[in-house]
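Line by line, the protein sequences are chains A and B. Its first residue numbered 1, the first sequence is counted upward by one per residue in my numbering. Its first residue numbered 1, the second sequence is counted upward by one per residue in my numbering.
It is worth saying that the hints were derived from the structure and are not from the lab. Treat the hints with care, since some could be wrong.
[Said to hold, decoys possible] Listed next, the in silico PhoX-like pairs over lysine-lysine satisfying Cα-Cα at most 20 Å (straight line):
hint, chain 1, residue 1, chain 2, residue 2
1, B, Lys45, B, Lys73
2, A, Lys39, B, Lys45
3, A, Lys103, B, Lys45
4, B, Lys59, B, Lys45
5, B, Lys5, A, Lys39
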Amino acid sequence: DVVLTQSPATLSVTPGERISLSCRASESVDTYLHWYQQKPNESPRLLIKYASQSISGIPSRFSGSGSGTDFTLSINGVELEDLSIYYCQQGNSLPYTFGAGTKLELK
Amino acid sequence: QVTLKESGPGILQPSQTLSLTCTFSGFSLSTYGMGVGWIRQPSGKGLEWLANIWWDDDKYYNPSLKNRLTISKDTSNNQAFLKITNVDTADTATYYCARIEAWEYYFDYWGQGVMVTVSS
Chain A
1 DVVLTQSPAT
11 LSVTPGERIS
21 LSCRASESVD
31 TYLHWYQQKP
41 NESPRLLIKY
51 ASQSISGIPS
61 RFSGSGSGTD
71 FTLSINGVEL
81 EDLSIYYCQQ
91 GNSLPYTFGA
101 GTKLELK
Chain B
1 QVTLKESGPG
11 ILQPSQTLSL
21 TCTFSGFSLS
31 TYGMGVGWIR
41 QPSGKGLEWL
51 ANIWWDDDKY
61 YNPSLKNRLT
71 ISKDTSNNQA
81 FLKITNVDTA
91 DTATYYCARI
101 EAWEYYFDYW
111 GQGVMVTVSS
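Bound-form chain B, shown alone:
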């Protein structure tokens, strides 16, 4: 059974760095073809893809935020991470991590999401 769960700080101030953790089970990021993506959703709005990380440590970022994003993984602990630097109120959103398989290009399992508020 595949499950994912996000965790984060809840609230942070503008200009700070947002650090998110995705803890998953039922698959491994050391397995050929496996990947984890991050997607966010401002309240009442649509979905925005942020980044993917793959089993071979390949990484892809949304160019609209690329300079601010860093995705990484800890294979031994079944975790993936996302950092967003220099946050502002526009980064207030629910952040999801989701599983993606190489050459499939869709997200088949999603976490419950973690709400992040940027406020002074």
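Chain A extracted, bound-state conformation:
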């Protein structure tokens, strides 16, 4: 199975700052890497597909980059509503796997 390692586990943020979250795969997943946001007591929501492709309805401050084994989710100007857990997921090979998540909290 492909293991996805997300870092940091928790990130303390100040509204307005630009932040980057990391997702590393144990083997290449090409660009079959997707990002989800999960707010407390809600279902995950697709944020970015194929490493860097935007999703309709998602604010433009969210962006993704990377390929192979190293991926980054960036938020350009964090807002309070972004305080959530962010998961990466690989769809390159079965079984699909998710990272353990990065939790954004208020500094």
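The hints should help you fit chain B onto chain A, whose structure is shown.
What follows is chain B alone, placed relative to chain A:
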């Protein structure tokens, strides 16, 4: 508008069989390329993919639970099902169903989730 909603027993005892239903609208599992997946999340923990079923009735399971999982569908009623046999406390989780399209490999619409507790 795509929506999905899960339903289940709420609580069951160890060794029983868990039966979950996903009722959806806005797409059809008889349409070429459409699929539904099941994902679970223990409280306070991460996400685990369980199984997918496709429009052509192809099925894929997570090998870690494969012998215990059965996924199926009722196309005429827009429903997908998941059964997990011989449950134990480790199966306590919120279970989500989500839409997936063939050759896309991500889940674009999710249900609200149903909480399942396994307890004696």
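Each hint tested on the structure:
1. B:Lys45 / B:Lys73: This hinted pair is violated, its Cα atoms lying about 28 Å apart.
2. A:Lys39 / B:Lys45: Status holds; Cα separation ~13 Å.
3. A:Lys103 / B:Lys45: holds, 11 Å
4. B:Lys59 / B:Lys45: Violated, because 26 Å separates the two Cα atoms, which is more than 20 Å.
5. B:Lys5 / A:Lys39: At roughly 18 Å apart (the allowed maximum being 20 Å), Lys39 (chain A) and Lys5 (chain B) satisfy the hint.
The structure fails to meet hints 1 and 4 from the earlier list, while all remaining hints are met.
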